Amino acid sequence: MPKTFLNELNPPQKLAVTFGNGPLLILAGAGSGKTRALTFRAAYLIQEKGIDPNRLLLVTFTNKAAAEMKQRLKKLVGGKLPFCGTFHSFCVKLLRADGAKIGIDKHFVIYDEDDSVAAIKKAVKNLDLDIKPYKPQSFKAAISGAKNELISSLEYGSFSRGRFQEMAAAIFREYDRLLTKFSALDFDDLLLNTVRLLQNDKPTLNKYRQQFESILVDEYQDTNKAQYELTKLLSSRWRNLTAVGDFSQSIYSWRGADYRNLMRLKENFPDLTIINLEQNYRSTQNILTAANQVIAKNTLHPILNLWTKAGAGQKLAIYEARDEKDEADFLVQLIKAAKNFNQFAVLYRTNAQSRAVEEAFIKSGIPYVLVGGTRFYGRKEIKDCLAYLRFLSNKKDTISYERLEKIGQRQLNRFLEWEENNRQPLETMPTRKILDQVLKVTNYLDRFDPKDEADLMRLENVKELTTVAHEFPQLQEFLENVALVEQSDPAPHGVRGKYPDNAVTLMTLHASKGLEFDTVFLIGMEEGLFPHSRSLMSRDELEEERRLCYVGITRAKTKVYFSHSLRRLYFGQYSSNSVSRFLADIDSNLLELINAYSRSGRHR
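Under my numbering, think of the first position of the sequence shown as 7, with each following residue one higher.
I should point out that these hints are in silico values taken from the structure, not numbers from a laboratory. The model shown is predicted, which means the values in this text are computed figures rather than measured ones. A few of these clues could be false.
Stated by the list, open to error - No more than 35 Å apart at the CA atoms, straight line, and that leaves these computed lysine-lysine pairs for DSBU-like:
#: 1; residue 1: 315; residue 2: 303
#: 2; residue 1: 99; residue 2: 315
#: 3; residue 1: 238; residue 2: 86
#: 4; residue 1: 321; residue 2: 345
#: 5; residue 1: 238; residue 2: 107
#: 6; residue 1: 389; residue 2: 321
#: 7; residue 1: 131; residue 2: 107
#: 8; residue 1: 412; residue 2: 342
#: 9; residue 1: 127; residue 2: 55
#: 10; residue 1: 389; residue 2: 439
#: 11; residue 1: 107; residue 2: 20
#: 12; residue 1: 127; residue 2: 99
#: 13; residue 1: 70; residue 2: 131
#: 14; residue 1: 81; residue 2: 107
#: 15; residue 1: 389; residue 2: 412
#: 16; residue 1: 80; residue 2: 187
#: 17; residue 1: 86; residue 2: 303
#: 18; residue 1: 127; residue 2: 141
#: 19; residue 1: 303; residue 2: 389
#: 20; residue 1: 303; residue 2: 369
#: 21; residue 1: 331; residue 2: 369
#: 22; residue 1: 342; residue 2: 231
#: 23; residue 1: 386; residue 2: 303
#: 24; residue 1: 331; residue 2: 386
#: 25; residue 1: 238; residue 2: 369
#: 26; residue 1: 457; residue 2: 469
#: 27; residue 1: 141; residue 2: 231
#: 28; residue 1: 331; residue 2: 238
#: 29; residue 1: 272; residue 2: 107
#: 30; residue 1: 70; residue 2: 446
#: 31; residue 1: 331; residue 2: 112
#: 32; residue 1: 208; residue 2: 187
#: 33; residue 1: 315; residue 2: 331
#: 34; residue 1: 81; residue 2: 272
#: 35; residue 1: 86; residue 2: 127
#: 36; residue 1: 402; residue 2: 70
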C-alpha cells in the first residue's frame, strides 16, 4: 500500500492504521470509517510491515461484511489475501483440520436452526418427555445460550433450577449424544468445540497462535463469551489483537452479545491502547448531536462524542399523529412526491408496526421492500389465523382446511367442535370476538414462548391482527379487505437483502444496523412501544433500548423524522401512551414540531 493512501485518513484513523505491536482497541462511532481503518491496517501490515498474509486473521460477523472487507483489501494489496471471514467459517476450517484430536469427524455436517430443532424433537421423543407447556425451540434457545457461555451438556445440569431447566439439562445431554451419533455440529458447537480444542490440546493451540501474528476483529461489541475466549487464545502468543467496536451500537444481547467484552480487553491486556474514532462522515451535526444527547444518558459504558465537518444541517422533525393511520398517511404525504424512493427508510421497534405502513403504501402505490421480514399478511402466524376465519366464512374452502390440518389435528377438532356448538350466528358476531374465540379454543398462542425473541414477534403480529379485526367488525368485510390489500399490492416487498432500484425500505431498528439512508423515519416514539414495555423495569435493557435509538438516528445522512400518536389502536386496543423519553433527551433547539392539532382536528 503506497504511503500516499495514508493521506486519505484522518489523524486518529492514521494512528490506528499505523499502530505498532501490542493489543489495540479502536472505538469507532457510527459512520466513522471503521471498515476503512480495519482494512487499511491489514494492508499496512502486509505491505509496510512485510507480514505474510497467511499470518493475518480478519474476523467479522456476517458473510456480507466479510466479503466487503475482502473486496476492499484486494483493491489495496492485490494478490494473496489473508483469511477474511466470519467466526463460524474460521471455526469450520480449523475443526476440519484438527477436530479429530477431540473426537470430531472431519466430515461432520453442520446443522442449521431447523435441523437442530428436529434433533431436539428426536431427543424429547427418545426421553419420552412431556415438555408442555414449553416447545422445542425454547430448549434449543436454552442450549444455545449455554454453549455460547462455554457450558457443556454435562456441566449444565449443575446449574439447573426448576422444571424447565431440569428438562433442558436432560434434553441437552441427549441432543449432544444424537449430534455425535450423526457426526453433526450445530452453529454453537463450531465455537464451543474450537475453544475446547484450543484449551485442551496445547500443540494445536501453539500451532495457531504461532501462525496468526496479527488478529483483527470487527464489531467486537457483538462478541459472546465463546468468541471472546477464542480471540484471547489465538492472540496469546504475539498479543497483536486489534479489536474494533462501539459500546453504543451493542443491540444484540438477546443473541448472546455482550458489550462488556470491550471492557474485559483491558483486564486481559493491561497494556491495551485505545484509539477513538469520533469524526463522522455520514450525518449532519444536528443529527449527531441529537444522537449524542440520547446515548449520553447511558451510564454503564463509555460514550463517544461524534462530530462532523458537514455542517449543522436541518433540524430533526417531530410529527404528532392522531393515530397509527394518520402516522402512516404522514409518511405517504412526504414520500409520494419523491423521485428516489430508495433514499427513505422507515424504522420501527416491532415487526407488527409495519402493517399500517404497508397498507398505506399499497393504497398509495408507493413501492417498498421489507428487509429481513415477510409482508404482514404473508407471515405464517397471520396466514394460520386467516385460514380459521376463511373456513368459518366458507366451508368449501379446501385450501384453508388443509392448512388447518397441518397446524394440528387436535386444534382443528377443538375448532370444529366450537364452530358446531356456537349458538350465536357468525353474522352477528364482531370479527374481533370471533378471532378471540378461535385463538382461545385452539390454544393457538400456546405454541409461542413470550421469552423467545422470535416468538414474541409472532405473538405481537397475531395481536396486531386483532387491530384489523377491530377496524372491520363484519367478518366478510374483514376478509375482503385482507384479500384486496394482498391482491392490489404492487410493491417488491419481502425480498430478503435485495434492494429494488427504487423502493422505500421498511425494517426494524435492529435490522438497520450497518446501513445508511438520506432520510430516516423513526415511528412509534411512545413509552411502552419505544422504549419497549419489557425494558422499563431493567436498567440493562433500558440502556440497550437507548442504544437502539442511537443506532436508528445515526442511519440518517440529512434528515430525521420522529412520529408519535396521541392514541394508537395497537393489539386491538386503544392506548394513549406518553411521548418517548428519548425525544425528551434531545434539546428543543434541535427539533421542529412540523404539525399540531387544534381541537377541531385541523392542522395548525
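Subject >> Unmet hints by their number, sorted upward, for this structure >> reply: 2, 6, 8, 9, 11, 13, 14, 16, 17, 19, 20, 22, 23, 25, 28, 30, 31, 33, 35, 36
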